[in-house]
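J.: Each of the two chains sits in its own frame; use the hints to bring them together as a complex.
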Amino acid sequence: MLTAFFSAFRTPDLRKKILFTLFILALYRLGAQLPSPGVSYANVQACLDANTADSGVFSLLNLFSGGALLQLSVFALGIMPYITASIILQLLTVVIPRLEQLKKEGPPGQAKITQYTRYLTLGLAVLQASGYIALARSGTLFGPACPTTGTQAIIPDTSTLDNGLPMWVTLTVLVTVMTAGTAMIMWFGELITDRGVGNGMSVLIFASIAAQLPGQIWGIKEDTNNWLLFGAIIAVGIAIIALVVFIEQSQRRIPVQYAKRMVGRRMYGGTSTYIPLKVNQAGVIPVIFGSSLLYIPTLITQFYANETDPPGWVVWLNTYLVNPGNWVYTVVYFFLIIGFTYFYISINFNPNEVAENMKKAGGFIPGVRPGKPTSQYLSWILERLTLPGALYLAVIAILPNLAILAFGGSEVFAQFPFGGTAVLIMVGVGLESVKQIESQLMQRNYEGFLR
Amino acid sequence: MTKNNRLGRWLSNGGIRTGRYSRVIQRAGREAERFREMTDAELTRAAESLLGDPRRERDRLVDFVALGREAAERAVGLRPFDVQLTGALWMMAGTVVEMDTGEGKTLAGALAASGFALRGRSVHVVSVNDYLARRDAEWMGPLYELLGVSVGWIGAESTPDERREAYSRRVVYGSVSEFGFDVLRDNLCTDPDELVTGDVDVALVDEADSVLVDEARVPLILAGSVETGTALERVTEVVSRLRPGRHYRVDEAGRDVHLTRAGERAVEKAYGGIDLYDADQNGAVLTEVNLALHARALLRRDVDYIVRDGRVELVDASRGRVAKLQRWPDGLQAAVEAKEAVAATDSGEVLDTVSVQGLIQRYPMLCGMTGTAMPAEEQFRRFYNLSVVPLPPNRPCVRDDEPDRFYQTAEDRDEAVVAHIVERHETGQPILIGTLDVAESQRLADRLTEAGVGCVVLNAKNDADEAKVIASAGRLGAVTVSTQIAGRGTDIRLGGPDGTEHDEVVALGGLHVVGTGHHSSKRVDDQLRGRAGRQGDPGSSVFFASLEDDLITRHVPGLSGPGDLDGRITSPRVAVRAAHAQRIAEGLNLDQHSLTWQYHRLLEHQRTLVVEERDRLLHTDAAVDRFREAAPDGFEELSAQVSETELARAARLVWLHQIDRHWVDHLAVLADLRETIHLRVLGRQRPVDEFHREAIRAFQPLISRAEAAAVETMESVTVRDDRIDVAAAGVARPSATWTYLVTDNPFGTALERDMRGMRSRFGGGNADDADD
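These protein sequence lines map, in sequence, to chains A and B.
Counted from 1, the first sequence has number 250 at position 250 by the numbering used here; the numbering is strictly sequential.
One gets the numbering used here by counting positions in the second sequence from 1 and adding 1000 to each.
If we strip away everything but chain B, and leave its shape as in the complex, we get (with noise of 0.2 Å):
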């Protein structure tokens, strides 16, 4: 194994396989006077006859790339570097290709996009939110017109109508949580004219470290509202007078908290003598509790979340914008609303969830791009089958990131910060500082201002102005703080948008980034100093942290190092261990990735199962069939009374509606499954084999308990005015169906640090009985 991805890593730096379409380019150049003098209808033309070109593989793709090339000049005003072509090919052969930031990564997947749709194929373009997709999708418009691709491009906000168009064409943009969800509304519909995607061919993926990586620890949810009838005000008032440290703990990772003994007799007096952990208590009380302590102690407002306009915002900590579509799942949302006296929302129930990974290979074709796939290799290999190509950057990078500089305290970091933006802001230098949450960002905005530095802030407040101020950030003197919002697929051009000021910016050094802590991924890092040195701009960026940060205490707690004065630590261990907690911070990602996706992997397959079923009864007349066999008597009585056409449309909408029901009862057992399975280590059996036994035995009587269930709802409808009533037999649509992703479920990763805990304490249930 190390071996042949050593020999990969070393193929795939050695220059090998980077040179594979240096030929392809070259004739490329040498064709394209042919190209050069068609008329842009004999252009389309020639593009559209690629697709039925006898011609060898190879000389296919010269003419495309000459073709590519020339729309490209011709309908965007952009011509392609060799660098882009050559990334759009490797795309085409399936692989991730690492182009740096500022290269035009956009052109290069649309180049891409467009030659498999040459191919006849369609293609998905994923992009990691809904405002870039429809960027990319308008701006690179005129150069599918010009191929005669088809292109179009869904958003949260488009309707069923505009998503069916979307589906239609060659080429569809996206952002990854849309391509989830309207997979999953299109496993409730009841109609097959209610569908509105098709089948998947091709997935090409933008910022794909981000998507198939980052994002891929948190399963896409769709929900439907139920009523809890559960109000937390009592609850949330009685642990408001508990006190921390006497009445509740935090564990030091700040991740779990814990009524001490003390807590719970005050909650057991408040509650008037019960007894919290009572057996007929089915721990009701006790759960209200613990969501309300852990809203209360473990989520930060401006830090987990903002309130605006009276709603809690979930904050997404690894891109810092809002994430309108997450909430906290299982009352964990209620309990926060309750802390901040918000109106309370209305709860949720888990419809069908999805995991990214599972989305993303129901796909054929898989391919990428983003700047920064390197590190990420060995997740795309192991979890996608994907390699990786990194490229060469059209024009070198120059920039200059300058060692990180450590401080004592946090204090002393921030102080250092603001003297080293106030220094560098005199020269007129831009300035990009990315900070590592709202709070942060909106405190440093303000020890800037009383320092005299006028700012501009960019986080999840003030989102809507995102286009602006990234636009005037490269300006001379310009100081943009900015939480990671900025950090990734923005493009900051050297002064202004209009590049009035350019020459005087690149005399001043260019962009200068100030990171003020690291992320618990060096990609995010990279992509932060990204922002600066684009196209062979010049550039700087340098990194702020303190012993007091997150990183740190959580992953090397009790590091210590000499300071000067201020606070300044220059011993090189310190940095070593820094380094040293960022691989510990990206491991445990690594490893609740591969868990997310061993727990999810049998779901997908019993889903498929049940997709299966579902189309079966969508698309014929199955559920009817069904009927006369089970009850024949009832099939009669029902059939006499309504047409044959009503009788199948009610059979069809009970059949469906019990397949969902029990599909979405089966979810919340293995949710329920899914918390305690750890503690079969202790049975020396492995959590993992332990959870898909159960989960089997749980799934196997479902499609036949639904049909009973669904013979059952049959024989007792009404019939009126020569209609089947289903809605009086209780077959309903969830009433109002949103679509959330769970956010990095805060009680999953706690269990599963356990589970590690006491996998290395007891000795791990697997086969070491027999040897340790």
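The shape of chain A in the complex, shown without the other chains (with noise of 0.2 Å):
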């Protein structure tokens, strides 16, 4: 794999879309530092120093932004008004025959439809900006520590100073500013998609998360001050990460025939013709399910959270469901995402689907009859497969858990960089984006891997 990554530097037409992406990711990152105007860079630093507990929800969508969102900066939105709107009209082709139509007619309705999505993703991130917004006025954002008034506020009223500017004008200011900020980078995206390697929006999230890394691990360093526990979580977290990639790259092959030419000789053996079952076959979608879950009860005891005396169930709730530290919180968790995992499989894959397909190619499995034993078959296989990989996922998600359990309360263990969903999608777009190159590589110029 190194080999291939030498070999992409040394073709000029991978290197120029290699070194594409790179400053695409450059001026990404710059946008996610660049302070909105409006918002006092000062304030919010001091804001995030003083509250370093996790803050539930925002923490994942502050992941996906790769800490913007929490600074309030120019691309705080990150790229999730695109997805967003990308999955909405996906929904609507089911329900709107227009748009079904459109993606019927192939390319040029599929461009149409793009662009339907990009409109829609401005209005989502005019929305999206505003919500947040009002959130960090009124102090959700940044949990209650922050001023939400005076000189201290993250976004200070100026209206008053002398060549101040009146509030209306500052807060529609910050919602232009992020919403351009969407599209810049929903076009960063596109531009990566086009010319440079790997899909755009993938290749941002990763950034996005890569980014938090090295800051995060030199927290657990500062806050620890012990050099030795410092060195062995990073052994540990390099093998968790060559853990993930191992299973990621597992899968079980079911070998497959197709009995519809007749070929002269056949000399050579069908190794090459399978169905591949992952062993992680959810990818991360269960581990992200499990998480909005659980963060419900948080949501519901931010209800009570200036109440002085809250009901008897909400502390229970604040005990057990809320602290990351808490074993039943662990445990509630690592159940879901299993329940998860199962839950989306079952929708994702349909063995009756899959034996009909092939049954109407004239494909089978040596020794199953096509139809219904082999739907039979597959499904026994893949209830097999099942456990194991949602067992995988528990496990890795549950690991930062895991690690504030053992190691005390210490809170930096929350943002403990190996585990959980970012390792998870780290590695995911990884793999997916080397192999990409790698098979650019592969058909562009491999001279090199021939001779």
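Derived from the structure by calculation, the hints contain no laboratory data.
Just to be clear, a hint being listed does not mean it is correct.
Claimed, not checked - Not the full set, but computed from the structure, chain A residues with beta-carbon under 10 Å of chain B:
(1) Val-256
(2) Lys-359
(3) Gly-367
(4) Val-368
(5) Gly-371
What the hints assert, rightly or not - As a list, the in silico BS3-like pairs of lysine-lysine whose alpha-carbon atoms are at most 25 Å apart:
(6) B/Lys-1324 x B/Lys-1468
(7) B/Lys-1461 x B/Lys-1324
(8) B/Lys-1522 x A/Lys-104
(9) B/Lys-1339 x B/Lys-1269
(10) A/Lys-278 x A/Lys-359
(11) A/Lys-435 x A/Lys-17
(12) B/Lys-1324 x B/Lys-1339
(13) A/Lys-359 x B/Lys-1269
(14) B/Lys-1522 x A/Lys-112
(15) B/Lys-1339 x B/Lys-1461
(16) A/Lys-360 x A/Lys-278
(17) B/Lys-1522 x A/Lys-103
(18) B/Lys-1339 x A/Lys-359
(19) A/Lys-104 x A/Lys-360
(20) A/Lys-16 x A/Lys-435
(21) A/Lys-435 x A/Lys-278
(22) A/Lys-360 x A/Lys-103
(23) A/Lys-372 x A/Lys-278
(24) B/Lys-1269 x A/Lys-372
(25) A/Lys-360 x A/Lys-372
(26) A/Lys-359 x A/Lys-372
(27) A/Lys-360 x B/Lys-1269
(28) A/Lys-360 x B/Lys-1339
Unchecked claim - With the Cβ distance kept under 8 Å, some of the chain A side facing chain B (calculated, not the full set):
(29) Lys-104
(30) Glu-105
(31) Ile-275
(32) Ala-361
(33) Gly-362
All C-beta atoms in this analysis are idealised placements derived from N, C-alpha and C, irrespective of residue type, glycine included.
T.: This is how it looks when you write it as structure tokens:
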């Protein structure tokens, strides 16, 4: 794989693509650090320092935006509006006949759908920008530790100052800038897809997550001031990444034969005709579902945050289901992920449909009759694969919680850099991009491999 | 991307680019006098001196235009219009020119070709078929001669010597398949003297959308015969007893057929209680059953093929002609032959293959012309990096395109078509009817005869009369029922070939074109319409369609609308949906083209590597040198017995044979891989990437393995009469080579559709994992 990278840099065509991708990523990171006009950079930093606590669902969004959200930077919204818009449009194609028609018309129709996605993204961006700014001003986004009024506020009111602007102007500018930022990111993503390497959106998410790694690792060193622990964590981290890579690549191969062509001499084995079933067939989605669901208790308890004497069940929630360091939280999280894995695979992989498709195209699994027996056989294998897959996902996801349990309540482990969603996504996108580079390398110029 | 695209379209439509050469043409008009006074010999000398002319490019172009115009007038009696000259200049700039049908593309193409030739380049003029290639080369011959440019043509019947001679000319006319097959055949040569093609330089493509877009979906294949030793009579007999619905089921789109459980049992019983899906069986019987079933249920006589002189001949759907060189692949041909109980022909083994795109991209310079370029503009740019320049017609087209007429059922439509023709025919106006397939053309002709309208049929079955039928199709009162065969490249003159009845026909409104159904591409419909209203002549066209047409039932099933007593539907919604169906079909074809190319690109690359290796072996003594290195003992032993040249000859033959053998096997592996690679989507992988990975893994050891095998062969050869007996060592050229195009692969498209289905169903094997 390393050789592939070196060859990639020796190929002018690919080198240009890789450098272009890096250039766009640099711009993307720059925008993620650039404070939006009207936001007090100093106040935001002070706020973030004072408030290391995990702020629930926003931490996931913050993760996707590369830390830009909690800095209210130009790219604060990240690519979430675009992703949401694409999902909405995909769902709408089922409902709206006009979209369904377009989808069927192939590339030209698809181009139109992409156009609609872009418009919807802008609409969502305006909504989300307004929403986040409102949340930031009310203190929900940054937690109670941050002042919401006065000169220490995140978005200080300058209307009373000499050459200050009225508040509504500041806010309008903010919303406009963040929306424009989202449009820029959308464009960046498409540029990477078109002229760079990998799927633009995925590469941007990857960059966002990876950008936070060094800071988080260093944070552990700073907090514990223990070089040994620091080294150990890095070692464990690398081991985890290796494990994730290994399991993400593992698949069960079910041999398939196609009986529709008669070829003169078959002197080669049909080793390459198989159905690959991944051990982790569900991907990262069960983890995202699980953590989103677990955010609900946090949300509920926030309603009671200012009450001095909350009801008993709120206290219970607060103790067991809000604190990631609690074993109940960990166990619930664990089983939620396992449940979601089974659920997601059941909707994602339909053995009946696969069997039907194969039958129509003249394919069969040697020794298994087509139709029902084939779909039963596939289900049987899938069931046996899903359990280890689900266990793997759940274990990786609760690693940060385990770290907190093991090393005490030190909050730095809440940001444990090598666990949970982050590492799954990073490895997933990383593998994907490497594969694509390799594939392009193979298509264009692989004499280097050949001789 | 889209912005550039729109800008480009605006620019090319906005008249800015088309005007670029107007000054050149004007200046050429002023220079005309000078050339008019020259004798023929002086003209030729003037043309030849253009090559070394030290003046500016523009001035040389002016001279060339004036010269070309003068030469065309003298040599072929046609004075090129400004539009034709502009077209020629645009082609010389490497673009696709859109000129309306009947605007004299042949002359414009010949001028462009000679323009290239007078700049010292050599040109291949690529046509759609042999007939047009030869006609154009011979028709334009005098023009080339006058300009001092040598010209030749190749056809399916040309001998290797004739081909070599043709390729040595500056300008060569030929069909795309001939150019392709010559390249493929050259790659099998074992002697440098057998090569026929030379270097490639400029390709000028006539009917560019047909060649570059429609034909590009189908790769050209060179095949050698092999004995499969399978007789399909028994299985055909078994399958013929199966009943549709009960024993087998055909899917809605009519693309797939499969056995039901009852069918499986019936077949297993007929074969004496075997298990069709047994692992040890290796699917041998099942393959035969599937092929026989496909031949029986999906391929229709007189639609997909005709039976003539005891042979099964394929009908090319997009051109309506018998595709002489086409065969169904992988045993399907034999299954159809068994179904029709005709003698089985040899079965083929793929020796080499090239896609039209791979073939065309070998040319450093590419340009073309067609009547329908703009609708295919996107594809020209995407696949060939070509831009399109639309040219205004010399005389504006006054053809009256009536709105489409829709009917409830095919029966209603046919009645309406007949009634319409009867009505028009009474006035004496010539009518050309374009049908979708051979069977329909015959059915319609019978009904017309019944209704008392005498008509001539032109379809794949009587294509020998083509020229005669077309020549009289413009006569007073002529009714010609044709398939797509007359849809492209034919020039129907009003009032017959000599134009005696021209004025009467014009008074009646010129040629009337009737389409009995929409094709899968609007371009093809437009080409059919384009038979009428040529060169500013009057003309009209109308299309009839029904809700039972394949295009509608496949792509917008369940479409219905209120019909009147005759079944005619006037609801505008139906017309909109029908246009939508056509766009879906176009989208599918575009998808298929880009898939073909994605999967073929690597293959083309590997082919160049193999060809490089072959060239080295063919032109040098590399083979014997490698033999000496790899097996010094064997080399000593042989060189003691035979002369040096004999050893070199034998080594070359053996090496080339082994390389070819391994390449053929590699192609078979890839074909197998291609068939099942769509399953990788289920593991969230991109099939194209996985295909590349596997294909490269399979290719990497190819040359070293071939070399090892060659050394082994060399060590086992025997010497007889001072000659090394290579034939005894199994080195033989494929006994009979023939060429064919794999017709629109019936399995490929089905798989590709499944792939799309799975992709949407399973959330796409690409990077969506992370973000959905």
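J.: If you check each hint against the structure, which ones fail?
T.: none
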